[in-house]
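Visitor: Listed below are the residues making up each chain.
There are 2 protein chains.
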Amino acid sequence: MEGQPMLMIPGPTPVPEQVLRAMAKPPIGHRSGDFSKVIAEITANLKWLHQTQNDVVALTVSGTGAMEAGIINFFSPGDRVLVGDNGKFGERWGLISKAFGLNVDIIKAEWGKPLNPEEFRAKLEQDTEKQIKGVIITHSETSTGVLNDLETINKYVKAHGEALIIVDAVTSLGAVNLPIDEWGLDVVGSGSQKGYMIPPGLGFVSISPKAWKAYETATIPKFYLDLGKYKKATDKDSSPFTPPVNLMYGLQVALQMMKAEGLDKIFARHQLTTKATRAAMKALNLPLLAPDEYASTAVTAVMPTTVDAEKIRGTIKKQFDISLAGGQDHLKGKIFRIGHLGFVSERDILTVICALETTLVELGYEGATPGAGVAAASQVLAQS
Amino acid sequence: MEGQPMLMIPGPTPVPEQVLRAMAKPPIGHRSGDFSKVIAEITANLKWLHQTQNDVVALTVSGTGAMEAGIINFFSPGDRVLVGDNGKFGERWGLISKAFGLNVDIIKAEWGKPLNPEEFRAKLEQDTEKQIKGVIITHSETSTGVLNDLETINKYVKAHGEALIIVDAVTSLGAVNLPIDEWGLDVVGSGSQKGYMIPPGLGFVSISPKAWKAYETATIPKFYLDLGKYKKATDKDSSPFTPPVNLMYGLQVALQMMKAEGLDKIFARHQLTTKATRAAMKALNLPLLAPDEYASTAVTAVMPTTVDAEKIRGTIKKQFDISLAGGQDHLKGKIFRIGHLGFVSERDILTVICALETTLVELGYEGATPGAGVAAASQVLAQS
Numbered sequence: 001m002e003g004q005p006m007l008m009i010p011g012p013t014p015v016p017e018q019v020l021r022a023m024a025k026p027p028i029g030h031r032s033g034d035f036s037k038v039i040a041e042i043t044a045n046l047k048w049l050h051q052t053q054n055d056v057v058a059l060t061v062s063g064t065g066a067m068e069a070g071i072i073n074f075f076s077p078g079d080r081v082l083v084g085d086n087g088k089f090g091e092r093w094g095l096i097s098k099a100f101g102l103n104v105d106i107i108k109a110e111w112g113k114p115l116n117p118e119e120f121r122a123k124l125e126q127d128t129e130k131q132i133k134g135v136i137i138t139h140s141e142t143s144t145g146v147l148n149d150l151e152t153i154n155k156y157v158k159a160h161g162e163a164l165i166i167v168d169a170v171t172s173l174g175a176v177n178l179p180i181d182e183w184g185l186d187v188v189g190s191g192s193q194k195g196y197m198i199p200p201g202l203g204f205v206s207i208s209p210k211a212w213k214a215y216e217t218a219t220i221p222k223f224y225l226d227l228g229k230y231k232k233a234t235d236k237d238s239s240p241f242t243p244p245v246n247l248m249y250g251l252q253v254a255l256q257m258m259k260a261e262g263l264d265k266i267f268a269r270h271q272l273t274t275k276a277t278r279a280a281m282k283a284l285n286l287p288l289l290a291p292d293e294y295a296s297t298a299v300t301a302v303m304p305t306t307v308d309a310e311k312i313r314g315t316i317k318k319q320f321d322i323s324l325a326g327g328q329d330h331l332k333g334k335i336f337r338i339g340h341l342g343f344v345s346e347r348d349i350l351t352v353i354c355a356l357e358t359t360l361v362e363l364g365y366e367g368a369t370p371g372a373g374v375a376a377a378s379q380v381l382a383q384s
Numbered sequence: 001m002e003g004q005p006m007l008m009i010p011g012p013t014p015v016p017e018q019v020l021r022a023m024a025k026p027p028i029g030h031r032s033g034d035f036s037k038v039i040a041e042i043t044a045n046l047k048w049l050h051q052t053q054n055d056v057v058a059l060t061v062s063g064t065g066a067m068e069a070g071i072i073n074f075f076s077p078g079d080r081v082l083v084g085d086n087g088k089f090g091e092r093w094g095l096i097s098k099a100f101g102l103n104v105d106i107i108k109a110e111w112g113k114p115l116n117p118e119e120f121r122a123k124l125e126q127d128t129e130k131q132i133k134g135v136i137i138t139h140s141e142t143s144t145g146v147l148n149d150l151e152t153i154n155k156y157v158k159a160h161g162e163a164l165i166i167v168d169a170v171t172s173l174g175a176v177n178l179p180i181d182e183w184g185l186d187v188v189g190s191g192s193q194k195g196y197m198i199p200p201g202l203g204f205v206s207i208s209p210k211a212w213k214a215y216e217t218a219t220i221p222k223f224y225l226d227l228g229k230y231k232k233a234t235d236k237d238s239s240p241f242t243p244p245v246n247l248m249y250g251l252q253v254a255l256q257m258m259k260a261e262g263l264d265k266i267f268a269r270h271q272l273t274t275k276a277t278r279a280a281m282k283a284l285n286l287p288l289l290a291p292d293e294y295a296s297t298a299v300t301a302v303m304p305t306t307v308d309a310e311k312i313r314g315t316i317k318k319q320f321d322i323s324l325a326g327g328q329d330h331l332k333g334k335i336f337r338i339g340h341l342g343f344v345s346e347r348d349i350l351t352v353i354c355a356l357e358t359t360l361v362e363l364g365y366e367g368a369t370p371g372a373g374v375a376a377a378s379q380v381l382a383q384s
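These protein sequence lines map, in sequence, to chains B and W. So in my numbering, spot 201 of the first sequence is number 201, and the numbers just go up one at a time. So in my numbering, spot 151 of the second sequence is number 151, and the numbers just go up one at a time.
Extracted from the complex, chain B is given alone in its bound form (with noise of 0.2 Å):
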């Protein structure tokens, strides 16, 4: 039988049948009244999920160029920034960063480790010249499920002053409090495909007007990711560029679904779906990857022993027609990684949970008992 896949890695994320269909209306000009109206709605939408007053900008690019975005345009070759990197993306904004010629100093944890919070603060407190114009953090690390203490960190950049904090939160916009104004984040970028339960396409940054301030003095060359022709025109309700017409229409209902469920609740669904994740791999005898303390609320990196990650995922796509995400990198064959991120429920996470446990029943995974996981979920569940 060819049934309907079930989706579950950090992004693309499964897809509201009612945004799918919005995605599916004729498309409208760009320029209308009528696309006006729909820019607006969406612009007052997203400062409310970023908890912000600060600007909101939609972007047509990936999470990629939203924070390639949230970079160039406050910086100028040379600048010194600190980059923290502990996984896939704080690698790929090292990148960037360097790319554009800025001074960079990256501050590294191992895959899997959350970022050490006073290695920020020895730097930003040596640092009496201020000379280090930005930090740069993955909040939540797509790659390993580790989820860093952003509001320490942060504080350190306050004390600091003169630096811009710049976060990538690409998986944890929409699946964890992330209080922009409250903390004062000053660069925010994110991608449409995660917790925004919409498909990939669309990427957005806030930037504060402390921001603004050192964008009028940067100097590193843009056009297409210029986030003052964003600023510009979505202050009258348009766009620099054609906007992706039928995504905006997919994401303006998907904010109305979030705005219905309310910021707290989004928060507290993928709080128990992470809970009893990580209560099912425990009770099934498989290692994750994060420490309970930094885990990421959008995705969980499990580490099998006795089976190969990748037999377990082919295992489970060819009997349940279940997608599961494999490690990036130096964890190939050695992760795989469990989505709870968007339009997620508690019935999701319990099929994925059963369907794994059968797998490893099937593959032979030593001390998986059948039922176990489901049991510990149960427990999560029964409490929240």
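Think of the hints as simulated: they come from the structure by calculation, not from any bench. Any given hint might turn out to be false.
Since copy identity is lost for identical chains, a pair holds within one copy or between any two.
Distance condition first, Cα-Cα at most 27 Å in a straight line; then the derived DSS-like pairs of lysine-lysine [unchecked claim]:
| id | residue 1 | residue 2 |
| --- | --- | --- |
| 1 | 332 | 155 |
| 2 | 236 | 88 |
| 3 | 25 | 259 |
| 4 | 229 | 98 |
| 5 | 98 | 213 |
| 6 | 332 | 236 |
| 7 | 236 | 317 |
| 8 | 37 | 332 |
| 9 | 210 | 123 |
| 10 | 229 | 37 |
| 11 | 236 | 25 |
| 12 | 229 | 318 |
| 13 | 158 | 332 |
| 14 | 229 | 332 |
| 15 | 123 | 318 |
| 16 | 265 | 318 |
| 17 | 113 | 332 |
| 18 | 259 | 47 |
| 19 | 259 | 317 |
| 20 | 317 | 37 |
| 21 | 113 | 213 |
| 22 | 133 | 108 |
Position chain W relative to chain B; hints supplied.
Guide: Same frame as chain B, but now just chain W:
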């Protein structure tokens, strides 16, 4: 009655129902084997559409992003380029070239007039030291409906030998013959919401071996728009960053439709609707901005004399729910533009002409005899 709006602007263009339905499929993982097959099919069909053996890559950007990639990947700051500017988009490629530090020589023509190939010849022949590294030409200037004589300009570029020819084919690709390999076009950029018959959100760039050679030594900084990354991934039926999965579903179907129709028939259809539109406008005493010999097959710009262009646009929208495009910049209010690009049939064009006639009569436009436009268009269609 709330009916179905009719979109007759030069982008976004109308999208076939089967494409809209394909876009409403739930997304799958972009790193899955199933999606690799989609990329492989799309890449092969893009090469067919581009009439080329060169690399053709797809980026998550608007047309401007594709053109920016087509420029910045092949030059270093200070490189001399010639940019043709006879409208909004030629002007934009000049701005981009300047933003990235190129030494830009603008060759201008009045909006509504074609670029003069002899001016390019003169500059290229004078350049005996081969300082000119690129010539950037807008093939179909969307803002005015002028089709520039790319074939002749390209001959002069080929005679020069050193310069790359870089083409904005955003509204010409799929609307008029553009034989990339036959003419030896180095870089050709385009966007999805045009001849491709899908919504905005994807940009395309074709790259010749000569352009790749220039890429190797080009130093303008880039990352998200680094075409080398796209080539490397496309060669493996993959993408460097998350692609817009649902738009790719739509593109897959649209390219299948185009192949079924065939390039010759697609071009003939565009020529016919263009000819019918122009004949009707003349019969209705509506002057055309672009001369017949340089008429874009994507869009016709019309300059009404006794009634304001915006009044005509507003009335036909209100009474018949037909969207026409207005003028840009100094042509705002002076022209309206009829799109006949992509998924537009003879029936569609007749519909617009009928509705426009009725609108003109209602507004008391001088010299517009009811029936004259349709009669003229019918003559053209009957002779085909």
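Visitor: So, for every hint listed, does it hold in this structure?
Guide: Evaluated hints:
1. In this homomeric assembly, residue 332 and residue 155 never come within 27 Å of each other (Cα to Cα): the closest approach is 35 Å inside a single copy and 50 Å across copies.
2. Proximity of residue 236 to residue 88 under the C-alpha cut-off of 27 Å is restricted to the inter-copy arrangement: shortest distance 20 Å between copies versus 37 Å within a copy.
3. When the C-alpha separation of residue 25 and residue 259 is checked against a cutoff of 27 Å, the pair qualifies both within a copy, at 22 Å, and between copies, at 24 Å.
4. For the identical chains of this complex, residue 229 and residue 98 are neighbours both inside a copy (24 Å) and across copies (16 Å), given an alpha-carbon limit of 27 Å.
5. Proximity of residue 98 and residue 213 under a CA criterion of 27 Å is satisfied in both settings, with 22 Å inside one chain copy and 23 Å between copies.
6. For the identical chains of this complex, residue 332 and residue 236 are inter-copy neighbours only, at 18 Å across copies versus 46 Å inside a copy, given an alpha-carbon limit of 27 Å.
7. Taking CA atoms no more than 27 Å apart as the test, residue 236 paired with residue 317 passes between copies only; the shortest distance there is 22 Å, against 47 Å inside one copy.
8. In this assembly of identical chains, residue 37 and residue 332 lie within 27 Å of each other by CA distance solely across copies; the values are 22 Å between and 45 Å within a copy.
9. Proximity of residue 210 and residue 123 under a CA criterion of 27 Å is satisfied intra-copy only: 21 Å inside one chain copy versus 46 Å between copies.
10. Proximity of residue 229 and residue 37 under a CA criterion of 27 Å is satisfied intra-copy only: 19 Å inside one chain copy versus 37 Å between copies.
11. In this homomeric assembly, residue 236 and residue 25 come within 27 Å of each other (Cα to Cα) only inside a single copy, at 24 Å, whereas the closest approach across copies is 33 Å.
12. Taking the closest pair of Cα atoms, residue 229 and residue 318 never come within 27 Å of each other, the shortest separation being 47 Å inside a single copy and 31 Å across copies.
13. Taking the closest pair of Cα atoms, residue 158 and residue 332 never come within 27 Å of each other, the shortest separation being 37 Å inside a single copy and 47 Å across copies.
14. Proximity of residue 229 to residue 332 under the C-alpha cut-off of 27 Å is restricted to the inter-copy arrangement: shortest distance 21 Å between copies versus 40 Å within a copy.
15. Within a single copy, residue 123 and residue 318 get their C-alpha atoms no closer than 49 Å, and across copies no closer than 63 Å, so neither meets the 27 Å cut-off.
16. In this homomeric assembly, residue 265 and residue 318 never come within 27 Å of each other (Cα to Cα): the closest approach is 34 Å inside a single copy and 43 Å across copies.
17. Taking identical chains as interchangeable, the C-alpha atoms of residue 113 and residue 332 lie at most 27 Å apart only when both belong to the same chain, with a minimum of 17 Å there against 57 Å between chains.
18. In the homo-oligomer, the alpha carbons of residue 259 and residue 47 lie at most 27 Å apart inside one protomer (11 Å), although the nearest pairing across protomers, at 44 Å, exceeds that limit.
19. Taking the shortest Cα distances, residue 259 and residue 317 never come within 27 Å of each other, neither inside one copy (33 Å) nor across copies (33 Å).
20. Taking identical chains as interchangeable, the C-alpha atoms of residue 317 and residue 37 lie at most 27 Å apart only when they sit on different chains, with a minimum of 17 Å there against 42 Å within one chain.
21. For a Cα distance limit of 27 Å, the shortest separation of residue 113 from residue 213 qualifies neither inside one copy, at 34 Å, nor across copies, at 42 Å.
22. Taking the shortest Cα distances, residue 133 and residue 108 sit within 27 Å of each other inside one copy (19 Å), while across copies they are farther apart (41 Å).
Consistency note: the structure conflicts with the earlier hints numbered 1, 12, 13, 15, 16, 19 and 21.
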